[in-house]
Amino acid sequence: MSEKQFIILYDTYAPKIYRFLLSKVSAVETAQDLTSETFLKAWDYVQSEKNTDIAHPAAFLFRIARNLMVDYYRVHGKRKEISLEDVMDKNMGDSEMGNTDIAKNIDDKIDMSQIKDTLAEMSQTHPDYADVLVLYYVEDIPMTEIAHIMDRSEGAVRVLVHRALKELQSRIKSS
Amino acid sequence: MNDSDIIKALHTLRSVEPDKQWLASSRQQLVRRIADSQEISDFPAKRSSILVFFNAPVRLSLAGSFLAFASIITLASAAQQSLPGEPLYSVKRTTEQVERAMPADEATQTKRSVEFAQRRVEELEKVAANSADTQDNTVVQERAASYRKTLARAETTEATQESARETGVIKESAETLAMVLSESKNGGDFTAMLRATIANRLAACQDEEIRIDIQNLLAEGDVASLVEANELSVRCTE
Numbered sequence: 020m021s022e023k024q025f026i027i028l029y030d031t032y033a034p035k036i037y038r039f040l041l042s043k044v045s046a047v048e049t050a051q052d053l054t055s056e057t058f059l060k061a062w063d064y065v066q067s068e069k070n071t072d073i074a075h076p077a078a079f080l081f082r083i084a085r086n087l088m089v090d091y092y093r094v095h096g097k098r099k100e101i102s103l104e105d106v107m108d109k110n111m112g113d114s115e116m117g118n119t120d121i122a123k124n125i126d127d128k129i130d131m132s133q134i135k136d137t138l139a140e141m142s143q144t145h146p147d148y149a150d151v152l153v154l155y156y157v158e159d160i161p162m163t164e165i166a167h168i169m170d171r172s173e174g175a176v177r178v179l180v181h182r183a184l185k186e187l188q189s190r191i192k193s194s
Numbered sequence: 288m289n290d291s292d293i294i295k296a297l298h299t300l301r302s303v304e305p306d307k308q309w310l311a312s313s314r315q316q317l318v319r320r321i322a323d324s325q326e327i328s329d330f331p332a333k334r335s336s337i338l339v340f341f342n343a344p345v346r347l348s349l350a351g352s353f354l355a356f357a358s359i360i361t362l363a364s365a366a367q368q369s370l371p372g373e374p375l376y377s378v379k380r381t382t383e384q385v386e387r388a389m390p391a392d393e394a395t396q397t398k399r400s401v402e403f404a405q406r407r408v409e410e411l412e413k414v415a416a417n418s419a420d421t422q423d424n425t426v427v428q429e430r431a432a433s434y435r436k437t438l439a440r441a442e443t444t445e446a447t448q449e450s451a452r453e454t455g456v457i458k459e460s461a462e463t464l465a466m467v468l469s470e471s472k473n474g475g476d477f478t479a480m481l482r483a484t485i486a487n488r489l490a491a492c493q494d495e496e497i498r499i500d501i502q503n504l505l506a507e508g509d510v511a512s513l514v515e516a517n518e519l520s521v522r523c524t525e
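Sequences listed follow chains Y and Z, in order.
Add 19 to a position in the first sequence, counting from 1, and you land on the number used in the working numbering.
Add 287 to a position in the second sequence, counting from 1, and you land on the number used in the working numbering.
Just to be clear, a hint being listed does not mean it is correct.
[What the hints assert, rightly or not] Computed, partial: chain Y to chain Z, Cβ under 7 Å:
#: 1; residue: 22
#: 2; residue: 23
#: 3; residue: 34
#: 4; residue: 58
#: 5; residue: 66
#: 6; residue: 86
#: 7; residue: 91
[Stated by the list, open to error] Ranges between beta-carbon positions, derived for each pair:
#: 8; chain 1: Y; residue 1: 46; chain 2: Z; residue 2: 486; range: 21 to 27 Å
#: 9; chain 1: Z; residue 1: 312; chain 2: Y; residue 2: 94; range: 20 to 26 Å
#: 10; chain 1: Z; residue 1: 406; chain 2: Y; residue 2: 163; range: 29 to 35 Å
#: 11; chain 1: Y; residue 1: 133; chain 2: Z; residue 2: 476; range: 38 to 44 Å
#: 12; chain 1: Y; residue 1: 133; chain 2: Z; residue 2: 419; range: 28 to 34 Å
#: 13; chain 1: Y; residue 1: 177; chain 2: Z; residue 2: 472; range: 46 to 52 Å
#: 14; chain 1: Z; residue 1: 422; chain 2: Y; residue 2: 48; range: 49 to 55 Å
#: 15; chain 1: Y; residue 1: 30; chain 2: Z; residue 2: 416; range: 44 to 50 Å
#: 16; chain 1: Y; residue 1: 48; chain 2: Z; residue 2: 378; range: 38 to 44 Å
If you are wondering where the hints come from, they were derived from the structure by calculation, not from laboratory data.
Beta carbons are placed, not taken as given, at the ideal position from N, Cα and C, and that holds for glycine.
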């Protein structure tokens, strides 16, 4: 993989890896640091294995990110509750939507807030459920790629998505 | 709220974007790293053709660069022998993480998992052998020996979901013990630190029966019970 191809990989996947990591850690800075580290580690690997094409780039990068998360939790102890409020506020400010539909923004924000809180809870008790929901529904990663990321068969991932969705639904209903 | 509403709500998370300034500066950092590594890797290919045309000071400078490059290789190689708590251990783990992240068929993945677990057990044995407290060492080494036997069986028998899980539990349990033992050499209390680690995992353990077992073992308080509780806490959160 050439350096140009790798930079394209960064441009394509950096926001996805960042969102994935941000759904698990409390601080924006931590998500940023871990995202940078994911790509530096990935490049180190690409560099050490010359002429090797990465067959599944999404799986390759998300697996590194997940492993970094495991190490992060090992060092920093148990998972903390997610805090996306500042990011959401900033995004609303930066959004191209501007003030065109304030009522809709407020509705969206309520939905986002509820979803992110519930996902954060699930990250503590069922991390695989939270991971698979973010990968599949937020990042649009295909089942085959998720199977590589999570070391499971495609069928097992399909079942996991189904169960995770039910779990999320049940938690939102009861909240 | 039905499935479709939940999925729509999940889609709203797509609007979370990284800060553009950070994204650009992180990209720059990556470009610099790539440029640096390209300079290093280009050097050996060029030197044979151009080295003879340089005067002595330039050759000396190039020789210095070559030595630096050779040092990096030696560093990576030395890291493979490092133990938890040692400066080069992070280099070793980084190499493994990348290796683990590579796509592979099921058989290769299983082989890798067993190999990594064996490395953790080996590290645990070495850290325990270097540790000052003989009582802790004996208990830990007995557990390491038991892990080694289980992994030897996993190597020779056909992989199942259960054996893969067991390998994962051993890897994590051995790693935790080695790290805590290693930390305790720097003046920490092995028992207190192991308790804290177990308590952190206990918070995420959902199986009520295992939770009670862990709490009972913590109440007993001796090293053997804590080692057992450590393994149970891993089992419950795997």
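Comparing the hints with the structure gives:
1. 22: 5 Å, holds
2. 23: 9 Å, violated
3. 34: 6 Å, holds
4. 58: The hint holds - residue 58 of chain Y has a Cβ within 7 Å of chain Z, the shortest such distance being about 5 Å.
5. 66: 5 Å, holds
6. 86: 5 Å, holds
7. 91: 12 Å, violated
8. Y/46 / Z/486: 21 to 27 Å: 23 Å, holds
9. Z/312 / Y/94: 20 to 26 Å: 24 Å, holds
10. Z/406 / Y/163: 29 to 35 Å: 30 Å, holds
11. Y/133 / Z/476: 38 to 44 Å: 43 Å, holds
12. Y/133 / Z/419: 28 to 34 Å: Given a distance of about 53 Å, which is not inside 28 to 34 Å, the answer is violated.
13. Y/177 / Z/472: 46 to 52 Å: At 47 Å between Cβs, range holds.
14. Z/422 / Y/48: 49 to 55 Å: Since the Cβ atoms of residue 422 of chain Z and residue 48 of chain Y sit about 42 Å apart, the hinted range of 49 to 55 Å is violated.
15. Y/30 / Z/416: 44 to 50 Å: 49 Å, holds
16. Y/48 / Z/378: 38 to 44 Å: 24 Å, violated
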